[in-house]
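K.L.:
If you want the building blocks of each chain, they are given just below.
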Amino acid sequence: QKEVEQNSGPLSVPEGAIASLNCTYSDRGSQSFFWYRQYSGKSPELIMSIYSNGDKEDGRFTAQLNKASQYVSLLIRDSQPSDSATYLCAWSTGGGNKLTFGTGTQLKVEL
Amino acid sequence: KAGVTQTPRYLIKTRGQQVTLSCSPISGHRSVSWYQQTPGQGLQFLFEYFSETQRNKGNFPGRFSGRQFSNSRSEMNVSTLELGDSALYLCASSSWTGEDEQFFGPGTRLTVL
Chain E
1 QKEVEQNSGP LSVPEGAIAS LNCTYSDRGS QSFFWYRQYS GKSPELIMSI
51 YSNGDKEDGR FTAQLNKASQ YVSLLIRDSQ PSDSATYLCA WSTGGGNKLT
101 FGTGTQLKVE L
Chain C
112 KAGVTQTPRY LIKTRGQQVT LSCSPISGHR SVSWYQQTPG QGLQFLFEYF
162 SETQRNKGNF PGRFSGRQFS NSRSEMNVST LELGDSALYL CASSSWTGED
212 EQFFGPGTRL TVL
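Going down the list, the protein sequences come from chains E and C. Just so we're aligned: the first sequence equals residues 1 to 111 in the numbering used here. Just so we're aligned: the second sequence equals residues 112 to 224 in the numbering used here.
Do not rely on the hints blindly, as some may be mistaken.
[Claimed, not checked] Capping the alpha-carbon separation at 30 Å, the derived lysine-lysine pairs in DSSO-like fashion look like this:
| hint | chain 1 | residue 1 | chain 2 | residue 2 |
| --- | --- | --- | --- | --- |
| 1 | E | Lys-67 | E | Lys-56 |
| 2 | E | Lys-67 | E | Lys-108 |
| 3 | E | Lys-108 | C | Lys-124 |
| 4 | E | Lys-108 | E | Lys-42 |
| 5 | C | Lys-124 | E | Lys-67 |
| 6 | E | Lys-56 | E | Lys-42 |
| 7 | C | Lys-168 | E | Lys-42 |
| 8 | E | Lys-108 | E | Lys-56 |
| 9 | C | Lys-124 | C | Lys-168 |
Read the hints as simulated data drawn from the structure, not as lab findings. Note that the structure is predicted; figures quoted are calculated from it, not measured.
Based on the sequences and whatever the hints tell you, model everything.
P.N.:
Written as structure tokens, this is what we have:
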């Protein structure tokens, strides 16, 4: 079983819609969760971090964490063409900064 | 604050050679982690250094090694290069000892011929 599962997509949404990206993980010891955005040919850029159950909002982005269900998601409101990228979820457990990454979901926001 | 810097940005080597990549973290950050990104395997953790000590290590062969200097700058070395080592090598820095947010540099694109 993969440690982190993400739908590779592509996920296509119209401009202005809500994009919903999901990630499930297998390690119940996971404590910290992160969402990164990666444009083609670029390095990953941190969007959100979330450490406790519930929702965390930052501008158009909302991260949701449910540790009981081992599920973390990212909602992007009012999607823009500039949001078109690959979104990577990642998690870490105790003992230092070792991130395990999902395979990424490619998001396409269409005009 | 300046971001994470990595040098060189692009590198072409031949099989059997060795290579050294460099990473300078964000000022004040003491933890440096290295990752390898390939189309087939995605982003995989190589190792992490904190206060000049390797704190975590991923599942890579011993040909991959690293070190950190007292100014937190880090280098990674790959010896006896193989074709499969062609990848984007990413360095990430974070400020604390725990599971803190990591910020990536632009990466070094290594091509092994």
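K.L.:
Could you work out which earlier hints the structure fails to respect and list their numbers in ascending sequence?
P.N.:
3 and 5
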